[in-house]
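Here the protein sequences line up with chains W and R, keeping their order. Mind the numbering: the first sequence is residues 1 to 527 in our numbering, read in order. Mind the numbering: the second sequence is residues 1 to 662 in our numbering, read in order.
It is worth saying that the hints were derived from the structure and are not from the lab. Owing to the predicted nature of the structure, the values given are computational and were not obtained by experimental measurement. The C-beta atom is built at its ideal place from N, Cα and C for all residues, glycine as well. Wrong hints could be hidden among the right ones.
Stated by the list, open to error - Partial list, derived from the structure: chain R residues whose beta carbon lies under 10 Å from chain W: (1) F80; (2) T90; (3) Y95; (4) L125; (5) S127; (6) A157; (7) R406; (8) E411.
Next come the chains, spelled out residue by residue.
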Amino acid sequence: MTPSVPDPVELAIFRSAVHSIAEEMGAALRRTALSPNIKERRDYSCALFDREARVIAMGDHMPVHLGSMPMSVEAAVRALPLGRGDIAVLNDPYAGGTHLPDITMVLPVFLSGGTRPAFYVSNRAHHADVGGCFAGSMGPAREIFQEGLRIPPVRIVRGGVVDRETMDLLLLNVRTPEEREGDLGAQIGACRVGERRMLELAGKYGEPRVQDFIAGLLDYSERLVRAELSRMSAGTFVAEDALDDDGVSDAPCRICVRLRIDPAAGALDADFTGSSPQVPGSINAVRAITLSACFYVLRCLLERDAPATAGILRPLTLVTPPGSIVDARSPAAVAGGNVETSQRIVDTLMRALAQAAPDRVPAASAGTMSNLTIGGVDPRTGEAFTYYETTAGGMGARPALDGLSGVHTHMTNSLNTPVEALEYAYPLRVRRYGYRSGSGGSGRFRGGDGLVREIELLAPAQVTILADRRRFPPWGLAGGGEGAVGRAVVTEAATGTSFELPGKCSRYLEAGDILRMETPGGGGWGQ
Amino acid sequence: MRAAIDTGGTFSDCVYLDQGELRVLKLFSTPSDPAQAVLTALRQIAPDIRIDLRHGTTLGTNALLERRGARVAFVTTQGFEDIIAIGRQTRSALYDWLASVPECLVPRELRFGVPERVSAEGEILRSPADAELNALLDEVRASKAEAVAVSLLFSFANPATERRVAEALAPLGIPVSLSSLILPEFREYERASTTVVNACLAPRMQNYLLRLEERVAAEHQGGRVDVMQSSGGIVSARLAAQEPVRTVLSGPAGGVMGAMRVARAAGFDRIIGLDMGGTSTDVFLSDAAQGGVRRTREALVAGIPVSVPMLQIHTAGAGGGSIARFDRGGMLRVGPESAGADPGPICFGRGILPTVTDANLLLGRLDPSSFLGGTVSVDGDRAEAGLVEHKGPLATAEAFASGIIRVVETEMDRAIRVISVEQGYDPRDFTLVAFGGGGPLHACSLARALRIPTVLVPMMPGALSALGILLADVVRDHARTVMLTGDAVHDLADDFAVLEKETRREFAEEGLEGTPACSLDLRYRGQGYELNVPWSADDPARSLAAFHELHQQRYGFSDPGKSIQIVSLRLRMTAPADPWEPQRRDSRPGDGRSARCGERNIFFDGQFLPSLVYRRDQLLAGDVLDGPAMVTEYTSATILPPGCRAVVDPFLNLIIDVRASS
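Given only the sequences and the hints, what does the whole structure look like? Please build it.
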């Protein structure tokens with residue numbers, strides 16, 4: 001039987017229903033998690049998938065997870081015979097993950113009497129530590145084995161009961177086990193919230209109609225993308241950008257893209273051939289991240305509330321050279337691929353797209369998440385702590401609009417940790433948090449300013465920075481100026497002297513030392 | 001005598017009790033001087049007896065929406081002046097490169113830093129010198145600010161420095177709002193934002209409310225003024241003038257309370273409210289067994305976080321004026337763009353894009369002759385031509401119009417789910433109370449979609465908000481952040497006694513006596529959000545059990561073995577409003593024959609069906625009407641689809657069984 005095409009009205013109803021389920025999972029996760037990174041910064045995503053592991057709805061959470069979560073679901077389904085009441089957990093970038101701190105859970109939804117899953121619900125959360133050389137698991141490692149615990153797809157819940165053996169294995173390998181267990185519990189709860197609501201939805205419509213709606217929704221997303229592409233000029237647009245270095249050597253890491261737009265077919269080819277081979281440092285991106293970057297850019301061409309489904313990727317042909325910085329192979333280190341390289345891939349895609357649609361594409365934004373992790377022992381409790389934060393920068397100026405200041409752009413949208421939550425949770429004191437005046441690029445429309453954040457350590461700790469745009473500033477468009485590059489400075493309590501830290505490094509600092517982060521501004525637009 | 005007036009954009013509704021009988025007065029609002037309509041109404045009721053006025057006003061909401069508040073100086077800990085603009089460093093539109101954002105309420109030149117610091121534990125690490133505070137005074141004076149918001153880091157843990165700042169700025173003679181008084185809770189941005197909103201509204205609201213009270217007192221034998229808060233309780237004008245941030249949703253809160261009272265009197269304790277206006281629709285859920293509508297402290301008003309308690313009212317961006325279109329993917333969309341009052345729907349003569357109202361008109365669901373009492377002329381031919389022009393791939397204008405209705409009802413359906421299903425409530429256990437211009441038009445089919453068995457269209461749906469204000473309790477909330485372990489639940493009696501004493505004193509100043517209700521904000525140790533559960537001295541451990549149950553219900557898991565943290569104690573003092581029983585009419589069997597005023601074709605499920613039209617004001621208690629039918633009144637119309645049966649109850653509410661078969 002050929003699936004019947006659902007009418008536009010029914011489809012709109014279904015679309016709202018599945019989107020709200022993904023949002024509801026996110027609310028449950030944030031309200032029950034323990035770590036500030038999840039409960040305050042909302043560094044997570046929740047999504048729903050059909051029986052073939054195609055994404056049908058995703059909450060408005062973290063764009064970097066857009067294209068990569070489906071791969072987690074696929075990997076879990078491939079690796080495990082998931083039964084009723086099971087939940088799979090995984091983080092291995094080479095088996096469905098992106099970088100180790102992002103732990104993904106996948107729950108198969110069985111209808112009553114069903115023998116195979118009718119849907120999957122999934123969530124991914126960034127954990128503030130998953131072990132490895134560096135507190136916070138975001139350090140300048142040289143191979144993935146140093147970056148923390150690798151979890152292939154395994155079951156953390158079996159038949160509705162948490163598998164203590166798996167849980168204990170995970171918890172023994174991390175610095176802050178109590179917090180991790182709480183966060184994992186919150187992820188399990190959020191999966192169950194999603195399951196309950198998907199079952200209600202299937203009960204309301206019956207499975208055959210739901211499958212028709214899913215097919216209709218994916219087709220709809222595809223049509224939206226093709227309609228946008230068909231309005232663009234035909235041609236091949238080439239662009240290049242670079243990361244400063246990999247934290248091991250000084251060599252820049254190139255990202256190259258060749259974008260071919262075929263308006264007649266409503267199709268887009270993105271070919272990353274020419275990008276640097278994978279590097280010894282930790283900024284390698286697995287292919288899932290490159291796919292996410294493409295997904296994000298396509299999604300931004302659509303209306304604000306267009307659904308983020310697998311259909312968006314149908315018009316795309318993606319070519320990534322295996323063993324490159326945009327398609328890394330084991331055992332390359334990958335912590336920064338998800339947070340830094342992902343941003344540069346977006347920058348490169350937008351630089352190419354600006355040639356095709358100059359009136360729709362902003363200049364380069366900060367282009368780094370300025371990742372900071374601090375770990376040690378809290379003298380107030382005697383317990384280990386790990387703090388993770390990303391600091392926003394300036395947004396690139398838009399055609400006809402200034403860029404926004406101090407705002408997360410592109411692949412992330414995590415919140416800041418409130419100073420009052422941070423100091424309550426960690427032996428740290430924030431000394432300053434404000435705009436970095438004058439850091440936005442000049443131009444007819446100005447790039448947004450970056451931020452300044454100063455943190456004083458109240459206990460000795462290991463401090464790790466993973467940041468970029470120190471050498472190659474955020475570029476302007478149409479003659480606009482460059483944004484200021486980022487920097488990090490430590491002032492030592494003992495000597496009173498200050499010194500600059502490189503973009504990717506890890507240091508032991510003492511109580512009283514002050515770390516000052518200055519994030520890049522956005523590029524300007526127009527002269 | 002007591003009277004309530006809800007001042008809206010177009011009408012000011014006035015409700016009062018005259019020897020137990022409820023009376024309604026409707027006047028045009030006077031936006032340039034809102035007090036004028038208020039005083040006119042009071043004079044019309046009774047010129048020279050004492051009247052105590054209860055007031056709902058949109059003055060605050062509108063000032064925020066239109067960014068017309070006072071020029072506010074923001075004073076915070078040095079080094080953190082920009083936090084009010086940075087917010088949480090996120091963008092609201094995730095996938096829109098060209099989105100613009102509203103300006104921060106406080107521009108750079110009005111942000112001031114104080115050299116001071118308090119630690120997370122409440123210890124003062126650095127205290128500003130008097131000279132530094134004097135310098136601040138000079139700077140703020142030079143900035144020509146009209147109000148000040150002071151929000152220092154960790155002031156909820158130790159408010160001493162904020163108080164010193166307030167004293168230092170007192171010579172300016174302008175309103176100073178302190179975060180440690182407005183919202184003594186952690187998260188600096190949300191607390192600062194709430195304090196700034198308060199400061200922004202303070203000069204205008206103080207001026208308005210205090211002058212209004214003077215004039216009411218002068219004209220009406222020393223009558224007083226009280227104001228409806230967003231939380232659904234009444235406060236004195238004096239307190240409302242100090243804390244105007246608590247009244248930003250004054251009018252909608254009145255609607256909630258009115259719907260609850262009317263439903264309760266009619267015997268319905270669990271309701272979902274549906275208030276559909278021109279550009280948006282408000283929905284809420286109330287379960288009398290759980291204390292009515294839930295309150296939230298995470299609301300956004302005009303895009304700005306306002307973290308004082310508000311009734312949980314969810315707004316969907318769809319109303320009668322919402323515009324319908326097909327997007328590039330071929331999907332039918334309705335709203336959030338609205339035709340507003342100008343150009344308005346096509347059928348009003350100037351609009352060119354099809355709206356929900358045009359669709360309702362084409363389908364026979366609006367009666368042009370009775371629409372707003374016939375004062376607005378409605379052009380059906382124009383609406384039809386417009387719908388034909390924009391119908392896209394659909395075969396007929398009727399198919400397009402009915403699609404628009406279904407999509408807009410889906411938006412409302414979704415909004416109702418947010419407040420019901422997503423919170424763990426089953427809509428089947430509730431009654432849908434429909435009011436506002438559009439609520440009764442869509443209520444029956446919405447109820448069917450959500451499997452809600454009964455719809456209640458209240459008597460006088462146009463004055464429900466004023467009624468709610470008239471009948472609301474006087475409420476004062478106090479909270480204290482304590483951060484204790486769960487075992488301490490047994491040792492809280494003394495702390496609650498202190499809170500109770502303070503609140504009783506406040507009530508005594510107003511000549512009131514109240515009843516306290518105690519509750520706790522609890523969470524599992526380490527979580528960032530709390531659940532509120534009742535606390536009683538008789539069985540304090542019950543609070544912990546209730547928390548585990550609620551956590552399971554909301555979030556899919558709970559763990560009685562985990563340690564619980566007591567975050568805050570809350571005490572709510574309530575002085576109940578005067579008892580009120582709506583007038584009960586004698587009921588007798590009837591079929592509404594005397595209220596029939598015609599017959600028209602109305603579109604239901606793919607075809608036009610001849611339907612009887614009734615006048616609401618002619619219906620009598622005991623009348624039973626079967627769909628397909630329509631009941632018209634001044635501000636609204638109720639549609640009864642086939643298979644629905646409406647009964648006029650002794651209070652003249654329409655009680656509709658949507659499952660009855662004809």
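Each hint, compared with the structure:
1. F80: holds, 6 Å
2. T90: Where the cut-off is 10 Å and the nearest Cβ of chain W is about 5 Å from R/T90, the hint holds.
3. Y95: Since chain W brings a Cβ to about 5 Å from R/Y95, closer than 10 Å, the hint holds.
4. L125: R/L125 check passes; min Cβ-Cβ to chain W is 9 Å, inside 10 Å.
5. S127: Violated, about 16 Å.
6. A157: holds, 9 Å
7. R406: holds, 5 Å
8. E411: OK, holds: R/E411 within 10 Å of chain W, min 8 Å.
In terms of the numbered hints stated before, the structure departs from hint 5 and from no other.
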